[in-house]
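Asker: The residues making up each chain are set out below.
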Amino acid sequence: MSQTKIIDARDTFCPGPLMELISYMKRANVGDELELLSTDKGSVNDVPEWIAKVGHELISSEQVDNVWHIKVRKTK
Amino acid sequence: MKILVVGGGTAGTIVANNLARRLTAETRSGKVQLTMLSASDRHMYQPGLLYVAFGQMTPDQLYRDQASLLEPTIDFHVDPVKKFMLDKKQVMTEAGKIHNYDILVIATGSRIVPDETPGLTEGAEFFYTEESAVKLYKRLREFQGGRVAVAIGVPHKCPVAPVELMFSLHDYFKARGIRDKVNLKYYYPIGRIHTIEAVAKWAKPEFDSLGIEYETLFNIKEVDAKNKIVKSEEGIDVEYDLLIVVPQHRGMEVIERDNLGEGGWIPTDRHSLAMKGHDNVYVVGDTTNLPVSKTGSAAHFQAEVLAENIASIIKIGAPVRDYDGKIYCFIEAGRDRATYSMFDYETPPDLKPPSKPMHWFKLSYNQMYWTSVRGLL
Chain A
1 MSQTKIIDAR
11 DTFCPGPLME
21 LISYMKRANV
31 GDELELLSTD
41 KGSVNDVPEW
51 IAKVGHELIS
61 SEQVDNVWHI
71 KVRKTK
Chain G
1 MKILVVGGGT
11 AGTIVANNLA
21 RRLTAETRSG
31 KVQLTMLSAS
41 DRHMYQPGLL
51 YVAFGQMTPD
61 QLYRDQASLL
71 EPTIDFHVDP
81 VKKFMLDKKQ
91 VMTEAGKIHN
101 YDILVIATGS
111 RIVPDETPGL
121 TEGAEFFYTE
131 ESAVKLYKRL
141 REFQGGRVAV
151 AIGVPHKCPV
161 APVELMFSLH
171 DYFKARGIRD
181 KVNLKYYYPI
191 GRIHTIEAVA
201 KWAKPEFDSL
211 GIEYETLFNI
221 KEVDAKNKIV
231 KSEEGIDVEY
241 DLLIVVPQHR
251 GMEVIERDNL
261 GEGGWIPTDR
271 HSLAMKGHDN
281 VYVVGDTTNL
291 PVSKTGSAAH
301 FQAEVLAENI
311 ASIIKIGAPV
321 RDYDGKIYCF
331 IEAGRDRATY
341 SMFDYETPPD
351 LKPPSKPMHW
361 FKLSYNQMYW
371 TSVRGLL
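In the order they appear, the protein sequences are chains A and G.
Position one of the first sequence corresponds to residue 1 (this note's numbering), numbered consecutively onward.
Position one of the second sequence corresponds to residue 1 (this note's numbering), numbered consecutively onward.
Treat the hints with care, since some could be wrong.
[As the list claims (entries may be wrong)] Quick list of in silico lysine-lysine cross-link-like pairs, BS3-like style, CA-CA up to 27 Å:
id, chain 1, residue 1, chain 2, residue 2
1, G, K228, A, K76
2, G, K157, A, K41
3, G, K276, G, K2
4, G, K201, G, K228
5, A, K26, G, K221
6, G, K221, A, K71
7, A, K71, G, K276
8, G, K221, A, K74
9, G, K231, G, K138
10, G, K315, A, K26
11, G, K157, A, K5
12, A, K5, A, K71
13, G, K174, G, K185
14, A, K26, G, K2
Bear in mind the hints are in silico, worked out from the structure with no lab data behind them.
Using the sequences and the accompanying hints, generate a full structural model.
Answerer: In structure tokens, the structure reads:
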């Protein structure tokens with residue numbers, strides 16, 4: 001059964017939001033939804049770039065009060 | 001008042017020693033009892049493993065007896081926790097002993113899990129244990145040329161180690177006079193060559209000038225040890241003659257077994273360092289799920305804050321500081337240069353050009369660590 005997991009990677013320079021997402025993605029099950037919270041504007045580009053390259057699904061990406069909320073689904 | 005520190009690595013040792021000093025009168029009078037449980041009677045200076053891999057230190061130089069590092073008022077037992085019973089304010093040890101506590105500090109650390117990546121143990125070298133660092137040194141010593149691939153598992157401890165490794169490999173092969181026979185290539189999980197933007201901006205031209213090649217967005221999926229191919233989640237296959245990896249890490253088994261945290265990382269408040277949902281349980285070092293580097297430096301700064309707060313809670317009934325995300329990491333840029341990266345939750349790192357004095361400072365710190373872990377520095 002799929003579930004949504006919030007990854008709070010706000011205000012982090014190391015390991016950084018994308019590295020946090022990859023770490024959680026490794027432990028997730030296929031079909032799981034993950035929502036990354038990031039204050040790094042670079043996440044808007046680097047997360048979708050990685051998601052596309054590895055073949056997972058980008059569900060949405062929006063900015064709310066200077067925090068980017070990026071939802072993805074593990075597909076394999 | 002019983003304070004129990006579980007874990008005798010950098011974080012646990014600094015917390016315990018710092019507490020022992022702050023609470024000298026209370027421990028001598030019996031008002032406070034301070035106990036440490038650890039899995040080992042030895043303490044390893046883990047950053048030294050990189051030097052072991054290049055023949056610059058020997059393993060015996062990395063160790064001290066744990067008991068020799070601790071203040072005498074700390075009741076120290078080599079008896080790791082088998083079960084956490086937070087609802088009863090108790091832990092049970094491997095020896096079957098029950099320890100009660102009023103305040104619990106969990107500092108159990110992390111472990112490499114190379115077996116979780118198919119083929120990795122058979123096909124790759126690494127340096128995150130004494131045995132593997134010595135083995136890597138022997139492999140490097142006999143290496144006469146070819147393709148050296150360096151790939152990075154996620155998550156991993158000491159995020160600057162991958163770039164330090166590349167500079168060290170370059171200098172090592174150069175010193176042996178075979179650098180021109182070695183294709184040195186670095187494979188990194190995200191879209192730039194280091195997760196810290198300032199480190200990536202600094203290291204990229206350095207790599208270019210040294211002839212170190214790189215490919216980004218490469219996450220190790222499996223290793224075909226027989227055919228010497230490392231495959232990525234992103235669908236890239238790389239042939240190698242020598243594969244060196246930073247293996248994926250997890251928290252300790254007991255944390256996962258007792259459902260304290262997914263992956264062995266315990267949900268922790270980023271400022272108070274309290275375990276979420278538990279006012280009398282604190283987490284420090286690699287064991288937290290905080291989005292900060294898993295390094296001795298983070299452990300050190302967290303441990304100082306936590307010890308001061310616990311002592312204050314006992315003395316005045318309230319904590320006095322927040323952990324601000326502070327981290328200071330040396331970055332070795334080869335055999336004779338180094339720089340550093342310092343940052344916190346709000347202040348990004350601003351790298352300075354590498355220098356020889358900073359390298360000498362790092363070499364000095366390799367010895368000063370023993371002062372640091374005693375809670376004196």
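Asker: Keeping to a limit of 27 Å between CA atoms, is the pair of K26/A and K221/G held or broken?
Answerer: holds (10 Å)
Asker: Mind checking the alpha carbons of K174/G and K185/G for me, to see if they're no more than 27 Å apart?
Answerer: Since the Cα atoms of K174/G and K185/G sit roughly 15 Å apart, the hinted pair holds (cutoff 27 Å).
Asker: Check the hint pairing K276/G with K2/G against an upper bound of 27 Å on the C-alpha distance.
Answerer: Holds - the C-alpha atoms of K2/G and K276/G are around 21 Å apart, at most 27 Å.
Asker: Straight-line Cα separation of K71/A and K276/G no greater than 27 Å?
Answerer: Since the Cα atoms of K71/A and K276/G sit roughly 24 Å apart, the hinted pair holds (cutoff 27 Å).
Asker: Within 27 Å, alpha carbon to alpha carbon, are K315/G and K26/A?
Answerer: At roughly 44 Å apart (the allowed maximum being 27 Å), K26/A and K315/G break the hint.
Asker: CA of K157/G to CA of K41/A, is that 27 Å or under?
Answerer: Roughly 25 Å between the alpha carbons, so the hint for K157/G and K41/A holds.
Asker: Do the alpha carbons of K221/G and K74/A lie within 27 Å of each other, as the hint requires?
Answerer: Satisfied, since the Cα-Cα distance of roughly 15 Å is no more than 27 Å.
Asker: Please work out if K221/G and K71/A have their alpha carbons no farther apart than 27 Å.
Answerer: Cα-Cα ~23 Å, so holds.
Asker: Within a Cα-Cα threshold of 27 Å, do K157/G and K5/A meet the stated pairing?
Answerer: holds (23 Å)
Asker: Quick one, are K201/G and K228/G close enough, alpha carbons at most 27 Å?
Answerer: violated (31 Å)
Asker: Starting from K228/G, check that the Cα of K76/A is at most 27 Å away, please.
Answerer: holds (25 Å)
Asker: Against the 27 Å threshold, does the CA-CA distance of K26/A and K2/G hold or violate the hint?
Answerer: The given pair, whose Cα atoms are some 38 Å apart, is violated under the 27 Å limit.
The structure is inconsistent with the numbered hints 4, 10 and 14, although it conforms to all the rest.
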